[in-house]
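Undergrad: Each chain is listed here by its residues.
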Amino acid sequence: MNRIHLACWLLLLSVITGCSGLKIYPNTTEKNLLIRTKATGSFFMKVEVFLHVYHLKDDCKNDYLGSIKLKNGETQIGLPTGQPTYLAFVFRTDGITPSTTILTPRPGNSYIADVTYADRIYNFSLREAGPRGSPGRELERQTRNCPDHRSLPEYR
Amino acid sequence: MRHYLRQGRIGLLLVTAVFLLSGCGVKTADEYRHAVRVSCFLFSTVDSFEVERPFADVTTTLKKKTKECLDVTVRLICTNCIGGGESKHIFRPTFIANPDRTEVHLQLKRTEVIAIGAPPEGAYVIVLDAAPVDKKRTKIDIYRQSPDEKFIHNAMRGWVKGDNMGCPDLTTH
Chain A
1 MNRIHLACWL LLLSVITGCS GLKIYPNTTE KNLLIRTKAT GSFFMKVEVF
51 LHVYHLKDDC KNDYLGSIKL KNGETQIGLP TGQPTYLAFV FRTDGITPST
101 TILTPRPGNS YIADVTYADR IYNFSLREAG PRGSPGRELE RQTRNCPDHR
151 SLPEYR
Chain B
157 MRHYLRQGRI GLLLVTAVFL LSGCGVKTAD EYRHAVRVSC FLFSTVDSFE
207 VERPFADVTT TLKKKTKECL DVTVRLICTN CIGGGESKHI FRPTFIANPD
257 RTEVHLQLKR TEVIAIGAPP EGAYVIVLDA APVDKKRTKI DIYRQSPDEK
307 FIHNAMRGWV KGDNMGCPDL TTH
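Here the protein sequences come in this chain order: A and B.
Under my numbering, think of the first position of the first sequence as 1, with each following residue one higher.
Under my numbering, think of the first position of the second sequence as 157, with each following residue one higher.
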């Protein structure tokens with residue numbers, strides 16, 4: 001009976017995660033990143049948006065922490081502070097298109113990301129939230145300086 | 157260069173070479189501009205307009221967005237192909253800045269296709285020219301071969317106008 005239960009749970013889990021092999025990001029730390037998502041496809045093209053989170057060890061090494069499927073609207077994420085985090089916003093249509101940056105969240109600070117996809121044009125911007133909810137400064141997108149592209153994660 | 161993946165589409169990815177004649181024998185950006193102007197390509201378009209931004213600002217934006225958005229390789233993975241199934245679409249942008257003119261060219265090379273008569277870096281997809289009108293305004297010309305590139309054209313319009321910094325999703329090309 002226990003084995004049947006276990007098999008059922010595994011089956012349910014695989015359905016929930018879309019059988020994609022994606023690990024769900026635990027999202028247990030204090031929420032410091034607000035993501036505002038607005039993605040529209042068309043009759044012929046469905047658009048899904050995912051956030052993949054990696055702990056960056058150096059320019060070419062990372063630990064995959066997990067992924068979150070972003071629905072239209074607001075999503076609160078907790079990122080570890082004081083360490084460089086590699087954020088990959090991935091737009092899934094017929095293809096897989098990543099838009100990435102590196103963020104080292106400072107303790108006590110919060111961040112806002114705007115993620116859009118419309119008419120086959122995608123955009124992503126990141127800003128530090130100002131005091132009392134005011135819009136803060138926009139953060140320049142940071143890229144990895146890794147000469148060997150094979151070391152970069154394969155997005156799913 | 158960033159890497160993009162693409163799921164295989166239904167149908168065969170031709171492993172055997174497909175021979176295509178390069179449209180209108182275009183080998184350079186100048187020949188491409190001329191071919192678009194004389195409507196050598198069916199449905200080609202020249203979009204000319206002015207923006208209320210200084211030429212230097214437009215050039216800075218174009219340089220940044222060209223590198224960020226157009227230097228892309230799309231890996232195509234075909235799951236139901238005969239004889240294997242991986243190919244690449246390599247988008248090759250060129251950015252040229254002079255004191256009186258800035259140019260962005262985008263070329264596309266498809267590794268599964270042998271395009272006879274096309275330039276080695278691939279066929280031209282779109283060309284943008286920017287030139288100063290006065291201290292505050294810039295003249296833009298965008299040359300587009302076909303309606304399928306309209307989303308790239310729209311993204312470039314957003315860059316030069318400064319109202320939309322989004323990137324075209326080249327996996328949908």
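Quick caveat, the hints were computed from the structure, so don't treat them as lab data.
Just so you know, even glycine gets a beta-carbon here, dropped at the ideal spot from N, CA and C.
It is possible that some hints are incorrect.
[To be verified] Heads up, incomplete: computed chain A residues facing chain B, CB under 8 Å, no partners named: (1) Y54; (2) H55; (3) L56; (4) D58; (5) N62; (6) T85; (7) I96; (8) S110; (9) D114; (10) Y122.
[Claimed, not checked] The calculated EDC-like cross-link candidates involving lysine to aspartate or glutamate, where the alpha carbons are at most 16 Å apart (straight line), are: (11) K223(B) with E138(A); (12) K306(B) with E140(A); (13) K220(B) with D119(A); (14) K291(B) with D186(B); (15) K244(B) with D119(A); (16) K219(B) with E140(A); (17) K219(B) with E259(B).
Undergrad: Checking one constraint from the list: CA of K220(B) to CA of D119(A), max 16 Å. Satisfied?
TA: violated (22 Å)
Undergrad: Can L56(A) be said to touch chain B, with a Cβ gap under 8 Å?
TA: Given a least distance of 17 Å, the restraint on L56(A) is violated.
Undergrad: Is K306(B) within 16 Å of E140(A), Cα to Cα?
TA: violated (28 Å)
Undergrad: Let's test the interface hint: is any C-beta of chain B closer than 8 Å to that of I96(A)?
TA: Since the shortest Cβ distance to chain B is 4 Å, the answer is holds.
Undergrad: A closest beta-carbon separation below 8 Å is what the hint needs, so does H55(A) meet it against chain B?
TA: violated (21 Å)
Undergrad: Against the 16 Å threshold, does the CA-CA distance of K291(B) and D186(B) hold or violate the hint?
TA: violated (27 Å)
Undergrad: Would you check whether Y122(A) satisfies its interface hint, that is, whether its CB is within less than 8 Å of any CB in chain B?
TA: Check passed: Cβ of Y122(A) comes within 6 Å of chain B, closer than 8 Å.
Undergrad: For the pair supplied as a hint, K219(B) and E259(B), is the alpha-carbon distance within the 16 Å limit?
TA: holds (10 Å)
Undergrad: Can the restraint linking K244(B) and D119(A) be considered satisfied, given a maximum Cα separation of 16 Å?
TA: violated (23 Å)
Undergrad: Using 8 Å as the Cβ threshold, decide whether Y54(A) counts as touching chain B.
TA: Interface hint status for Y54(A): violated (15 Å vs cutoff 8 Å).
Undergrad: Take the shortest C-beta to C-beta distance between N62(A) and chain B; is it under 8 Å?
TA: violated (15 Å)
Undergrad: Does the CB of D114(A) sit less than 8 Å away from some CB of chain B?
TA: For D114(A), the interface hint is violated, since the closest Cβ of chain B sits about 11 Å away, which is over 8 Å.
When the structure is compared with the earlier hints, violations turn up for hints 1, 2, 3, 4, 5, 6, 8, 9, 11, 12, 13, 14 and 15 and for no others.
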